[in-house]
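Engineer: The residues making up each chain are set out below.
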Amino acid sequence: MTAEPIRITVTVNGESFREEVPATRSLLDFLRDDLGLTGTKEGCSEGECGACAVILDGRLVDACLIFAAEADGRSVETVEGLADGEELHPLQRTFAAAGAAQCGYCTPGMLMACKSLLDRNPSPTREEVTHGIAGNLCRCTGYGTIIQAVMEAAKES
Amino acid sequence: MKVVGQELPRVEILEKVTGQSVFGADVSPAGRVLHGKMVRSPHPHARITAVRTEGAERLPGVRAVVTAADLPPVHYGNFVRDEEYFARTKVRYVGDRIAAVAAVDEETAEEAARLIEVDYQVLPAVTSGPEAMAPEAPVIHEDHADYWAQPSVENRRGNVCGHKQIMRGDPERGFAEADRIFEHRFHVPMVHQTYIEPHTVLAQFDASGKATVWVPTQAQFPLRAAIAQILRMPMTKVRVIPTEIGGGFGGKISPTIEPAAVALARKARQPVRIVMTRGEDFQGSNPRHPFHLRYKTGVRLDGTITAREIELVLGTGYSAGSGVMISQGAAVRAPGPYRIPNLRIDSYCVYTNTPTCGAYRGPAGPQLTFASESQIDIIARELGIDPVEMRLRNAFEDGDETPAGARLEDVHARETLRKAADVMNERPRPAGENIGRGLAVAHWLVGGMASSAGVKLNEDGTIGILTGVVDLSGASTSLAQIAAEVLGVSLDDVHVRTADTDFAPHSTISAGSQALKSMGSAVLLAAREVKRQIQQVAADKLEADLGDLELDDNKVFVKGSPERAVSLREVGHLALEHERGPIVSTQSVSRLVPHPAVAAHAAEVAVDPETGHVRILRYVAVQDVGTAVNPLSVRGQIEGGVMQGLGQALSEACTFTDGKMDNPNLLDYKIFSALDAPAVETHLIQHPCASGPLGAKGVGEPPIIPPPAVIANAVADAVGVRIHDLPITPEKIVRALKARRQP
Ligand code: FES
Ligand code: FES
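In order, the protein sequence lines correspond to chains A and B.
Per our numbering, residue 916 is the first one in the first sequence, and the count goes up by one each step.
Per our numbering, residue 539 is the first one in the second sequence, and the count goes up by one each step.
Next up, chain A with everything else stripped away, as it sits in the complex:
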């Protein structure tokens, strides 16, 4: 029943990993269970909440909807790679200061969505930020502080 394992090489946060995975393994399970990178969260496994959002070759994707095998030869960015050593990413700083993380469960995916937005569009309007996080559900904040944090991070850089 379990599919034939396949060998993949994936760069995650700049580090290269060679692993054997079943063909049906999701990128999310690969990150969390095989690499122990549990920062990326699972909220639905159906592509509807964005808790699992990561950046794959510069594009925001839901890791629960992608097979690990699809990431073969490609580069993945997760929340664990956001900070540069001790130096937090501007979004991490502004999220903290604005109170944009309450329970913090949506936060890793939200941060990656915001990073992906700022990578493409360094000075977005509020409207653009709102659209940029439309695929990431947060049940705690009401989104206002998140939008504010992104606007401030954009100002900083």
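FYI, nobody ran anything at the bench for these hints, they're computed from the structure.
Glycine included, every Cβ here is placed at the ideal spot set by N, Cα and C.
It cannot be assumed that every hint is accurate.
Claimed, not checked - Derived contacts from chain A toward chain B, CB cut-off under 10 Å, selection only:
1. F932
2. D944
3. E957
4. L971
5. A1011
6. G1019
7. T1022
8. T1045
9. N1051
10. C1055
11. T1056
As the list claims (entries may be wrong) - Below, in silico cross-link-like pairs of lysine to any residue (SDA-like), each with a Cα-Cα straight-line distance of 20 Å or less:
12. B:K1208 <-> A:A1049
13. B:K540 <-> A:A1012
14. B:K1198 <-> B:S666
15. A:K1070 <-> A:E1002
16. B:K1208 <-> A:S1072
17. B:K540 <-> B:Q1224
18. B:K1208 <-> A:E1002
19. B:K1093 <-> B:L1130
20. B:K1276 <-> B:E1148
21. B:K1198 <-> B:E818
22. B:K834 <-> B:N932
23. B:K1208 <-> A:K1070
24. B:K1270 <-> B:Q1224
25. B:K1208 <-> B:G817
26. B:K805 <-> B:V642
As the list claims (entries may be wrong) - For each label pair, taking beta carbons as the anchor points, the in silico distance ranges come out as:
27. A:E935 <-> B:P668: 57 to 65 Å
28. A:T926 <-> B:A988: 50 to 58 Å
29. B:L1205 <-> A:E935: 31 to 39 Å
Starting from the structure of chain A, add chain B with the ligands where the hints point.
Structural biologist: Frame of chain A, contents of chain B with the ligands only:
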């Protein structure tokens, strides 16, 4: 105050923004973890004639299968013991627990779950409260007269598992004195907490027979007791370790998958993890109670309310759960934040073939307020009175009593209400048609629960706090701020730790807006005692009177001569040599005086009469919070609560066909996304509250309560149609507009 009242980031924020926080599914124990899977009923109501597990047990990779046969015959429940963990003779909702399996991987666990064969004899089901009350309705618990129940649970019969009646004054006379009498019916369907982290648990069983359970719970102590009761284990043979929790909102209080995980781990002798799928979470947890409400209100022409007669039917689901308590509390809050001399309130808690509802944030609040505040608006408009004026005329005040006879203090309902109206009126209504404004006011009663906390001075002069309360919405930070305030240190010098059930002093659950009140009161007492001990040691060192010593800037000094000082670090060391020994105190509180917390919200909406789409142009939330210990987290809680409430107002509902939920996924059960969310204009009313720590009031529940009523009133103002049945969907608005156009 120096630290209390500051907008400070949460103490655990760095872990959260770096992905280091350990949530339920992130825990990794020693040893290979098995995948657990529940087997659940596909029928809302059926007799079980046989359960066959052999096929699953024979499947390679399966390590354990548990059913009712593996558990002692225990009925449990806090108010009525009507619940069995695994169904034995009957299933009572789609999702009822039949069995659980543990296997080496997820695919095998799923396959094993499919191989469990159950024979059912399907019975007629009933999913709405009023239908379940009908004499011919199928009976969900036949033996229910035999169940143990708390003495406060009255009048159990048929599917009614509790009926609370409150009478005040003379309702008949009150109605006789009224110039006009209004009667309306409302309906609020079930809604779900929809925390982004689904239920998950990891359980391990060691050689000494002790179970360790890692779980994102709001209620570690009650959960420990429940697991022990269900599995008939000595309570302290269960250790519950609360993980970081990805949202709870009242949905992570009652046991769900935890007893199954422990039973599987015990049988398999290996750790077992169960993670609910989103669909399972929608159908197998504890959502908000559906309500049918009837409000009859007598008023004088000037708007004074003379009497209210209220009938509430709450569908509790397949077991009483916390429903009876919530229906009793609902009776007390049903009349709203008003002084009404004559009342008759009947609140029924009724079994239905649906999941058992729980304590979703502000239990019963949005349902009651939707009905009550919609009706107040209807009446004001009928009488030609300004709706705000009508509310101000009847608003309760200090010294008034709740329908249950408790005296209210620190009320501030009028000020809160006026502020919401004023903020809305600061800007004129935009020009254009189909734009309307609405307002509603609501209250929550914040109690307190038995709690204790430890505070100590470390040898480096920093402060440690030990609690057993789970940090749901910033409690740890606020507790640290309270201790920092008392002990004259900065927030960075305070370390807070939530310990598990084995090591933490007993603490309240994180629910009902009372965590900060209960725990804050305990921390305040302990910090004050630590301060006294610090002064004692410092007094000897400085050769000063204890009463002359003050604490600030991490030191102790003599009032008026700041040069006579000793640092807290030195005191920490001195204490070890001093006759009094290490500086530490654990303090407890219980039975705190409840206080009301009022929220008044106002909205401006634009309704498209063609599509029925409601656009929120402005949203104002004003809340009476006492002292805001941390305004950043207070505002955050208010804005989040508003958004949940708006979801309930406009889009959220668990709907059922033949007893099965139609929309158990995040696509069809629509919570607000950033695209739907309006900016919230938040204003805090701050008057220190006598019964809260350093004047703080509970904050979490009130903001979720008014939105459905606010939106209903704003829509009525915009297009003249009144929706009595949540959510206020575009289809309902279009239908109501069509009906009105028809002659
Ligand atoms: S877990 Fe991937 S979108 Fe929800
Ligand atoms: S902070 Fe809790 S879900 Fe976003």
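Engineer: Holds or violated: is the Cβ of L971 (chain A) closer than 10 Å to a Cβ in chain B?
Structural biologist: 17 Å, violated
Engineer: Can we keep the T1022 (chain A) interface hint, with Cβ of chain B closer than 10 Å?
Structural biologist: 5 Å, holds
Engineer: With chain B as the partner, please determine if F932 (chain A) meets the hint condition of a C-beta pair closer than 10 Å.
Structural biologist: 17 Å, violated
Engineer: Hint check: K1198 (chain B) vs S666 (chain B), CA-CA at most 20 Å. Holds or violated?
Structural biologist: The hint holds at about 13 Å.
Engineer: Taking only the CA atoms, is the gap from K540 (chain B) to A1012 (chain A) under or equal to 20 Å?
Structural biologist: Holds. K540 (chain B) to A1012 (chain A) sits at ~19 Å (cutoff 20 Å).
Engineer: Given the hint that K1070 (chain A) pairs with E1002 (chain A), does the C-alpha gap stay at or below 20 Å?
Structural biologist: With Cα atoms ~18 Å apart, K1070 (chain A) and E1002 (chain A) stay inside 20 Å; holds.
Engineer: Per the hint of 57 to 65 Å, is the separation of the Cβ atoms of E935 (chain A) and P668 (chain B) within bounds?
Structural biologist: 58 Å, holds
Engineer: Can the hint on D944 (chain A) be confirmed by a CB-to-CB distance to chain B that is less than 10 Å?
Structural biologist: 9 Å, holds
Engineer: Hinted pair, alpha-carbon criterion (20 Å max): K1208 (chain B), K1070 (chain A). Please report holds or violated.
Structural biologist: Violated - the C-alpha atoms of K1070 (chain A) and K1208 (chain B) are around 33 Å apart, more than 20 Å.
Engineer: Just to be careful, I want the Cα atoms of K1093 (chain B) and L1130 (chain B) compared with a cutoff of 20 Å; is the pair within it?
Structural biologist: 33 Å, violated
Engineer: If you draw a straight line from the CA of K1208 (chain B) to the CA of E1002 (chain A), is it 20 Å or shorter?
Structural biologist: 38 Å, violated
Engineer: Does Q1224 (chain B) lie within 20 Å of K1270 (chain B) when you go C-alpha to C-alpha?
Structural biologist: 39 Å, violated
In summary, the structure is inconsistent with hints 1, 4, 16, 18, 19, 23 and 24 from the numbered list given earlier, while agreeing with the others.
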